[in-house]
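Student: Work from the hints to combine the two standalone chains into their complex.
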Amino acid sequence: GDSVTQMEGPVTLSEEAFLTINCTYTATGYPSLFWYVQYPGEGLQLLLKATKADDKGSNKGFEATYRKETTSFHLEKGSVQVSDSAVYFCALRPNNAGNMLTFGGGTRLMVKP
Amino acid sequence: DVKVTQSSRYLVKRTGEKVFLECVQDMDHENMFWYRQDPGLGLRLIYFSYDVKMKEKGDIPEGYSVSREKKERFSLILESASTNQTSMYLCASSTGGLAGRTDTQYFGPGTRLTVL
Chain A
1 GDSVTQMEGP
11 VTLSEEAFLT
21 INCTYTATGY
31 PSLFWYVQYP
41 GEGLQLLLKA
51 TKADDKGSNK
61 GFEATYRKET
71 TSFHLEKGSV
81 QVSDSAVYFC
91 ALRPNNAGNM
101 LTFGGGTRLM
111 VKP
Chain B
1 DVKVTQSSRY
11 LVKRTGEKVF
21 LECVQDMDHE
31 NMFWYRQDPG
41 LGLRLIYFSY
51 DVKMKEKGDI
61 PEGYSVSREK
71 KERFSLILES
81 ASTNQTSMYL
91 CASSTGGLAG
101 RTDTQYFGPG
111 TRLTVL
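Those protein sequences? They're chains A and B, same order as listed.
Residue 1 is where the first sequence starts when you use the numbering used here, and the numbers rise one by one after that.
Residue 1 is where the second sequence starts when you use the numbering used here, and the numbers rise one by one after that.
Pulled out of the complex, with its shape left as it was, chain B reads as follows (with noise of 0.2 Å):
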């Protein structure tokens, strides 16, 4: 079975802090996502990967980065958080690279981050 894990099930951290969220898959899929997700609206992708060192803007990069050493990594950092950065962080993987069409992305439990 495809395994997506989360470095951390829920987080606590202060307004202005650095924020890493890592994602580990063990599945060697090329493409990694980080969703965010808020009632009512869904998830909303932040950031895509679709190779190591890739990444690609999703709907709502703003106030985050990501980083791809490793192909089975994929990090979500928060330069500087902000309270209107609480929420669930999901993070999927999915094969296919760039060109390829998918249509399965397999998902990590999620991590609630509260920003105090």
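Only chain A is shown next, with the shape it has when bound in the complex (with noise of 0.2 Å):
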């Protein structure tokens, strides 16, 4: 069945260090590709998508390519803030379930001052 791996955390950076969290799928055909963020005490928000092969989803300066070559969706920042400290999954659509999502195990990052 379909699946989805994260890297393991957490992830502890400094203020302004550039972050990757990891992110590969397991599916047939052409997916959808998602993160979603979940800042504490809070439920899950979408942070970005991407749909279809080569495509770039950004916001608020993270980044992620869907890669389907390598079947990877892993995401990026340039320079990471305090604020920016939460749990991260990665998620997928597949392309024959119009409404089910599959989450990764989720990825804690901690931004210290």
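Quick caveat, the hints were computed from the structure, so don't treat them as lab data.
Fair warning: this is a prediction, and the values are worked out from it, not measured in the lab.
One or more hints might be untrue.
[Said to hold, decoys possible] Pair ranges (Cβ atoms, derived):
#1 B:LYS57 / A:THR51: 25 to 35 Å
#2 A:GLY9 / B:THR83: 34 to 44 Å
#3 B:LYS71 / A:ASP54: 30 to 40 Å
#4 B:VAL12 / A:LYS68: 45 to 55 Å
#5 A:GLY1 / B:THR83: 38 to 48 Å
#6 B:SER8 / A:LYS56: 38 to 48 Å
#7 B:LYS71 / A:GLU42: 35 to 45 Å
[As the list claims (entries may be wrong)] From chain A, some residues computed to sit far from chain B (all C-beta separations above 12 Å):
#8 GLY9
#9 VAL11
#10 LEU19
#11 GLN45
#12 THR65
#13 HIS74
#14 ASP84
#15 SER85
#16 LEU101
#17 LYS112
#18 PRO113
Every residue gets a Cβ at the ideal spot worked out from N, C-alpha and C, and that includes glycine.
Tutor: Structure, rendered in structure tokens:
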């Protein structure tokens, strides 16, 4: 079945450091790919998405590129802030399932001043 | 803004109790979801509803049931709570209906349930 694998956390960085959170997936066809973020005490919210190969999703300084050849959707940010401390979830929607999302295990990011 | 609210942020129950978790959304969304979130396992879908009185099992429905009598409200029921159901429960909603293709799910803040 479809699955999403994320790097295990926590990831601890100093402010202004470069961030990469790895995400790879297994799915048939052409899924849509997402990053959701969960700030402390809150529910998940959509951070960015990409719906076809080579698309780049971006939001709030975060970027991720849909790489079909490596089945990856790594999240990057050039300069993290303390306010980026959160749990990040990679997810996919299979191309034959309109509403279901499959989530990865989540990666906790801690940014220190 | 879409708002998804859950009835409790924290709940403590005893083994064998019947537990109701309530979720309400205010955007007239067709779809509603219940997930549980456990460290290292991410979010796992318990049940999904695409319309009033309609439901579909997710990946881990055992020990749970759901009710959707009104479009805006989706309830998760633990018929006889057990300690392995201690978890964070997240509700979400989205547009689309059964045949729809929708990208964004909107989440509530979660209910942290502890079963003693």
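Student: All hints are to be evaluated individually against the structure, with a verdict given for each.
Tutor: Hints, one by one, checked against the model:
1. At roughly 27 Å, the beta-carbon separation of B:LYS57 and A:THR51 lies within the given 25 to 35 Å, and the hint holds.
2. Between A:GLY9 and B:THR83, the C-beta spacing of about 26 Å breaks the proposed range 34 to 44 Å.
3. Checked against the given bound of 30 to 40 Å, the beta carbons of B:LYS71 and A:ASP54, roughly 38 Å apart, stay inside it.
4. Range check, B:VAL12 to A:LYS68: about 47 Å between beta-carbon atoms, so the 45 to 55 Å window is met.
5. Range check, A:GLY1 to B:THR83: about 28 Å between beta-carbon atoms, so the 38 to 48 Å window is missed.
6. Checking the proposed 38 to 48 Å range against B:SER8 and A:LYS56 shows it holds: the Cβ atoms sit about 40 Å from each other.
7. Restraint check, B:LYS71 to A:GLU42: a C-beta distance of roughly 24 Å breaks the suggested window 35 to 45 Å.
8. At roughly 10 Å from the closest C-beta of chain B, the C-beta of A:GLY9 falls inside 12 Å, breaking its exclusion from the interface.
9. Here A:VAL11 stays apart from chain B, with its beta-carbon at least about 14 Å from theirs, past the 12 Å limit.
10. Every beta carbon of chain B lies more than 12 Å from that of A:LEU19, the smallest distance being close to 19 Å; the non-interface claim holds.
11. A beta-carbon of chain B comes within 12 Å of the beta-carbon of A:GLN45; the shortest separation is about 7 Å.
12. No Cβ of chain B comes within 12 Å of the Cβ of A:THR65; the nearest lies about 17 Å off, and the non-interface call holds.
13. At the 12 Å boundary, the C-beta of A:HIS74 stays outside the reach of chain B, the nearest C-beta of that chain being 17 Å off.
14. The claim that A:ASP84 lies off the interface holds: its Cβ sits roughly 19 Å from the closest Cβ of chain B, which is beyond the 12 Å cut-off.
15. Against the 12 Å criterion, A:SER85 stays outside the reach of chain B, whose nearest CB is about 17 Å from its own CB.
16. With a least CB separation of 6 Å from chain B, A:LEU101 falls inside the 12 Å interface cut-off, contrary to its annotation.
17. A cut-off of 12 Å between C-beta atoms confirms that A:LYS112 is not in contact with chain B; the least separation is 21 Å.
18. Here A:PRO113 stays apart from chain B, with its beta-carbon at least about 26 Å from theirs, past the 12 Å limit.
Taken one by one, the earlier hints fail for this structure at numbers 2, 5, 7, 8, 11, 16, listed in ascending order.
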